[in-house]
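Numbering (this note's numbering), first residue to last: 146 to 451.
Please note that the accuracy of each hint is not assured.
Simulated DEER-style distance windows between Cβ atoms [to be verified]:
hint, residue 1, residue 2, range
1, Gly404, Asp337, 29 to 37 Å
2, Asp225, Lys175, 41 to 49 Å
3, Ala390, Leu434, 40 to 48 Å
4, Ile281, Asn227, 41 to 49 Å
5, Leu373, Ile264, 29 to 37 Å
6, Ala278, Ser149, 42 to 50 Å
7, Gly234, Ala297, 21 to 29 Å
Calculated directly from the structure, the hints in this document are not laboratory data.
Ideal Cβ positions, reconstructed from N, Cα and C, are used throughout, including at glycine.
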Amino acid sequence: MEVSVEWCAAAAANDALTPALINRAAKVAKTMHKGGANPSMELLLDDVIDSAMKVQSREVPRTGSKTGTVKYQLTAVNADCNLDEVLEGLKQTGESRICIYGPPGTGKSAFAKHVAEVIGKTVLLKRASDILAPYIGQTEGNIAEMFRQAKADGAVLILDEADSFLRSRDGAKRSWEITAVNEMLTQMESFDGIFFATTNLMDHLDSACLRRFDMKINFGFLKQPQRLSLCREVCQSLDLDWSPAIETNLNLLEKLTPGDFENVVRQSRLRPIRKAEDLISRLKQEVKLKNLGSTHSIGFLATGSD
């Protein structure tokens, strides 16, 4: 099985990867490779390992990078504070409770994962569907277990879709809605690790929960220089020729996010993008769908201008 020295070094440095997991992943990847799957053994290994870790509600940084992906970079995030300073603070303290809010695709969870990668920790990712339960007391138990597991693993805890069950208690109609928020407050108070909560609906969160967060960071749509930089990167990644008209068209797309660029790059694996004009056209479609969604009130957060 051919893998690079760099891949092996990255895997060896990752505490979340056990010998047994790597051995099983190697067997599966080898079988897939023989069956005609992706010719890159490293990408196959990454995919198999990712799947295994997600079953355990964990995520680990990929040891390699796919061709035609958008590389994560803090400069491509439109935050209302200096993220480099936040990252440095987290490296020094090793603990914090941070709420990141803003429209979908702006890089909220990606930043939290980036923090984990930089400081050398694994990620424990939970979504509302992992926490909410139909029986009395079960949701509260899941919340407590989430924090216990993160502490035991020394992992960065990320709670996506926090608004799904941290809604204001003022409008609660069921008792469990109140007790779930109370349990979250208790666990947040005693947790001494790094905890991120992400939401598209900041104004729905309980005010007492908001006070427990050390920081509330807004991630907005990309500014024009960021849109231009990401577009150049994607064009280079997909080997597309650049033209002055691209910049003119980007000026009109004010609601672009890093996630939109990721989406069109993923599309290119199924429907190849052969010209930069095709890339712009697909980005326009992403923005069009976004505007349609906001017209029908499908949960996009209204923000100010870039």
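Status of the hints after comparison with the structure:
1. Gly404 / Asp337: 29 to 37 Å: With a Cβ separation near 32 Å, glycine 404 and aspartate 337 satisfy 29 to 37 Å, so the hint holds.
2. Asp225 / Lys175: 41 to 49 Å: 47 Å, holds
3. Ala390 / Leu434: 40 to 48 Å: 23 Å, violated
4. Ile281 / Asn227: 41 to 49 Å: 44 Å, holds
5. Leu373 / Ile264: 29 to 37 Å: 30 Å, holds
6. Ala278 / Ser149: 42 to 50 Å: Since alanine 278 and serine 149 have Cβ atoms about 44 Å apart, the given range 42 to 50 Å holds.
7. Gly234 / Ala297: 21 to 29 Å: 24 Å, holds
Hint 3 from the list above is the single one not met by this structure.
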